[in-house]
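Working from the sequences, and respecting the hints, build out all of it.
For the protein sequence lines, the chains are A and B, in the order given. Heads up, the first sequence is in the working numbering, so the first residue is 1 and it goes up one at a time. Heads up, the second sequence is in the working numbering, so the first residue is 447 and it goes up one at a time.
No lab work stands behind these hints: they were computed from the structure. All C-beta atoms in this analysis are idealised placements derived from N, C-alpha and C, irrespective of residue type, glycine included. Among the hints, erroneous ones may be present.
[To be verified] Short, incomplete list of chain A residues facing chain B, as computed with Cβ under 7 Å:
{"id": "1", "residue": "F57"}
{"id": "2", "residue": "S58"}
{"id": "3", "residue": "L75"}
{"id": "4", "residue": "A188"}
{"id": "5", "residue": "M193"}
{"id": "6", "residue": "G224"}
[Claimed, not checked] Covered stretches of chain A (in silico footprint by chain B; criterion: 3 or more residues with CB under 8 Å from a CB of chain B, positions within the stretch not fixed):
{"id": "7", "region": "148-158"}
{"id": "8", "region": "210-217"}
Protein chains: 2
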Amino acid sequence: MGATLDLASYLVAARRDAIPADVAHEAHRALLNYVGCAIGGSLEPAVELALRALAPFSGTRSAVVLGRAERLDPLHAALMNGISSHVHDYDDTTPKNYIHPTSPVASALLAYASDNPVAGSEFLLAFILGFEAESRVGNAVYPAHYDAGWHITGTAGVFGAAAAVGRLLRLPVQNMVWALGLAATQAAGLREMFGSMGKAFHPGRSAQNGYVAALLAREGFTSGEHGIEGPRGFAPVQAASYDLSKVSDKLGVDFDLRENTYKPFPCGIVIHPTIDACIQIARAHAIKADEITAVRLRVAPLVLDLCNKKDISRGLEGKFSVYHAAAIGLVRGKAGLSEFTDETVNDPQVRAVRERVSATADPGLPEDAVRVEVELSRGGRISQRVDHAIGNLARPMSDRDLEEKFRDQAARVLPAHQVTDLIALCWRAGDLSDMRELIDAAVPRS
Amino acid sequence: MGATLDLASYLVAARRDAIPADVAHEAHRALLNYVGCAIGGSLEPAVELALRALAPFSGTRSAVVLGRAERLDPLHAALMNGISSHVHDYDDTTPKNYIHPTSPVASALLAYASDNPVAGSEFLLAFILGFEAESRVGNAVYPAHYDAGWHITGTAGVFGAAAAVGRLLRLPVQNMVWALGLAATQAAGLREMFGSMGKAFHPGRSAQNGYVAALLAREGFTSGEHGIEGPRGFAPVQAASYDLSKVSDKLGVDFDLRENTYKPFPCGIVIHPTIDACIQIARAHAIKADEITAVRLRVAPLVLDLCNKKDISRGLEGKFSVYHAAAIGLVRGKAGLSEFTDETVNDPQVRAVRERVSATADPGLPEDAVRVEVELSRGGRISQRVDHAIGNLARPMSDRDLEEKFRDQAARVLPAHQVTDLIALCWRAGDLSDMRELIDAAVPRS
Numbered sequence: 001m002g003a004t005l006d007l008a009s010y011l012v013a014a015r016r017d018a019i020p021a022d023v024a025h026e027a028h029r030a031l032l033n034y035v036g037c038a039i040g041g042s043l044e045p046a047v048e049l050a051l052r053a054l055a056p057f058s059g060t061r062s063a064v065v066l067g068r069a070e071r072l073d074p075l076h077a078a079l080m081n082g083i084s085s086h087v088h089d090y091d092d093t094t095p096k097n098y099i100h101p102t103s104p105v106a107s108a109l110l111a112y113a114s115d116n117p118v119a120g121s122e123f124l125l126a127f128i129l130g131f132e133a134e135s136r137v138g139n140a141v142y143p144a145h146y147d148a149g150w151h152i153t154g155t156a157g158v159f160g161a162a163a164a165v166g167r168l169l170r171l172p173v174q175n176m177v178w179a180l181g182l183a184a185t186q187a188a189g190l191r192e193m194f195g196s197m198g199k200a201f202h203p204g205r206s207a208q209n210g211y212v213a214a215l216l217a218r219e220g221f222t223s224g225e226h227g228i229e230g231p232r233g234f235a236p237v238q239a240a241s242y243d244l245s246k247v248s249d250k251l252g253v254d255f256d257l258r259e260n261t262y263k264p265f266p267c268g269i270v271i272h273p274t275i276d277a278c279i280q281i282a283r284a285h286a287i288k289a290d291e292i293t294a295v296r297l298r299v300a301p302l303v304l305d306l307c308n309k310k311d312i313s314r315g316l317e318g319k320f321s322v323y324h325a326a327a328i329g330l331v332r333g334k335a336g337l338s339e340f341t342d343e344t345v346n347d348p349q350v351r352a353v354r355e356r357v358s359a360t361a362d363p364g365l366p367e368d369a370v371r372v373e374v375e376l377s378r379g380g381r382i383s384q385r386v387d388h389a390i391g392n393l394a395r396p397m398s399d400r401d402l403e404e405k406f407r408d409q410a411a412r413v414l415p416a417h418q419v420t421d422l423i424a425l426c427w428r429a430g431d432l433s434d435m436r437e438l439i440d441a442a443v444p445r446s
Numbered sequence: 447m448g449a450t451l452d453l454a455s456y457l458v459a460a461r462r463d464a465i466p467a468d469v470a471h472e473a474h475r476a477l478l479n480y481v482g483c484a485i486g487g488s489l490e491p492a493v494e495l496a497l498r499a500l501a502p503f504s505g506t507r508s509a510v511v512l513g514r515a516e517r518l519d520p521l522h523a524a525l526m527n528g529i530s531s532h533v534h535d536y537d538d539t540t541p542k543n544y545i546h547p548t549s550p551v552a553s554a555l556l557a558y559a560s561d562n563p564v565a566g567s568e569f570l571l572a573f574i575l576g577f578e579a580e581s582r583v584g585n586a587v588y589p590a591h592y593d594a595g596w597h598i599t600g601t602a603g604v605f606g607a608a609a610a611v612g613r614l615l616r617l618p619v620q621n622m623v624w625a626l627g628l629a630a631t632q633a634a635g636l637r638e639m640f641g642s643m644g645k646a647f648h649p650g651r652s653a654q655n656g657y658v659a660a661l662l663a664r665e666g667f668t669s670g671e672h673g674i675e676g677p678r679g680f681a682p683v684q685a686a687s688y689d690l691s692k693v694s695d696k697l698g699v700d701f702d703l704r705e706n707t708y709k710p711f712p713c714g715i716v717i718h719p720t721i722d723a724c725i726q727i728a729r730a731h732a733i734k735a736d737e738i739t740a741v742r743l744r745v746a747p748l749v750l751d752l753c754n755k756k757d758i759s760r761g762l763e764g765k766f767s768v769y770h771a772a773a774i775g776l777v778r779g780k781a782g783l784s785e786f787t788d789e790t791v792n793d794p795q796v797r798a799v800r801e802r803v804s805a806t807a808d809p810g811l812p813e814d815a816v817r818v819e820v821e822l823s824r825g826g827r828i829s830q831r832v833d834h835a836i837g838n839l840a841r842p843m844s845d846r847d848l849e850e851k852f853r854d855q856a857a858r859v860l861p862a863h864q865v866t867d868l869i870a871l872c873w874r875a876g877d878l879s880d881m882r883e884l885i886d887a888a889v890p891r892s
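Set out below in structure tokens:
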């Protein structure tokens, strides 16, 4: 069989009782982290502007937009959930393929489940399967695909959304093949958008487009039969080299959810080691910003490929600046949402330190490591090495850490007691008789 | 300046009185051909299924779907117009980049103009500019982009739709740059879909997505500033080699509309020479199907790259089979819509001849040429060469030919007098005070 048919067959046949307990728990962690990110991002300008542009085109307003009072048709709700959950670059990452995996899948699923009765157990299974489809398609084309300039969260994400919604729609195998094919032919998203609202548009659009793919396929709208592996299909066209066995091998045995990570900082993950190291310096040494005469970073080459902007003026740009990362770690000793606002990026102290940071690519360093050297005007140097940044698979965030992160984000939008209830609902999502109990708790009560 | 800014600046500044008369006439020809194709395709299963899947999600039903009684919100109408106008593979082609250029642009524009008052002169200018944006972006990446497996009508089309709608929205330059950037990051469509409904989905989706890009950009939703030429932008990511000067050079002087062609046959254009030659044989010689013992074709290599399917059972597959092309030319002596139905593809006589066709790639032959040799059971051989197929730039269809093609298609859906009126409205589109006069005449009257 081909990769598309292999994957479709698995997605249709997979049973809930074949999901290992650790995978189910990780799905709950991913959901908790996602809902917090979506609520935390729901008031951002990218969401406001997208709503202003597109809400006038909404169909029947039957679906929740997480964190907001407005309701939209589920396709537009999927888009908005995808934008809000990724806009802070605070959502999860699978390090082996750099996908932010939950946003495209959960954004579509929660929009669907807001509009249709879906039991928590069904929802969780569809989520686990969609995550798996997305991550495996990504694995097959990584790293050539990403290196070429594709934002893999957008391109792989649409497969995940199609698979997940397709599963809830109970598509037969042939229709699931078409859903994956219609996903393949919508796979898009360029890294040129990094540092603009276009980046968060990608998971939103992939959620919406994957949902559309599943709806079309259900009615018998056909696609090519080999959307992933055909000679003019996704993998050959969008990757200079690829390995299709990574789609098909050990389906139902290996679960990529086990390799999911959650971000302690709302910015590009490759600058997390720098933040981590600089926060450690700030906590261990009483240094003032104006004492810092130079900051020298040694980083993995990819860091400069992605995050080499120093002359910046917007919060969004700060999320992709290794220089800003070092500056906030040293000056603020933390890197929460408020360290990536326009205000902080233009803060004179932060700016002054940022301008003194230099970075060198070291091919010998892995992407989760950094070497930092701070030179002080009073004389002397402080060195700090990080081999595995916090949030990394080797140093995962605990369930409690995730709850704290959730509170920090959701508290911007919802009252504290509602946040507490919502956290509890996320942990027991798999037992809910109707996911709307959770979804309806994720919006401000009028 | 970069290609994106060059193009955006031109799109914003271009004036109607700077459009040469021949270009304006060609725009009317393109519109006439497009409206006929959209009406002719409007009852096809691909449209029916897409409506069944997506009409339930429509917003306010303020826009016409050409050829149909249903109305939808303009974004969904753009999608449906794009599907119907391309589903027969009967729409126009710019031979130098293989784009089917009018569908993505006009599908978006007519949906917009159905929902908003737009004078014909404004509409025509927006169409000419959108066509030009699309074709120039395509020129920059052709042929590497197409050869890699991209369906360039989908990928370049989204730029055209964004440019055209952006112009009607009177976007300033910065917002037009973002519209083009948001188009770039949605550029999608794989040739793996050829022979399925997925192919017609591409111009539809590019129309809808370009429209969305313009709406978002109007509100200030940002994209990267260099969506076309940036190092992770459309051209570098989606083409192994490209020439950005083809976007910027002679803007406002050269118009690709002058190089537009219209299809006499509703199928892949690279098999038109074969059909043309075989029809000429059928007309010149009284041969019966069962006399044909072998048909040998020599074709350009691209023909076999695109249309090498012999064992087929569906009409859609016939549109991409050079073997079917030869068979219908010889057996039927024509190649209209009825030669690409499931019925004809499975017709025993057609099938028998198709199975006797062989094709050889000849790198010395251009794509608009063919050499055909038919071997007969009664002895003897008939040879036919075509150097430029009918419909080619060197042998263009006349205005009268286009009207006849329109009638053939529209008569399937509308009464004859309405067809006559609609043809007249297309010819004077540029003078209409409101394009809804034309648009409302393109649907069945209740």
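Against the structure, test the hints numbered earlier, and report the numbers of the ones violated in rising order.
-> Checked against the structure, no hint fails, so every one of them is satisfied.
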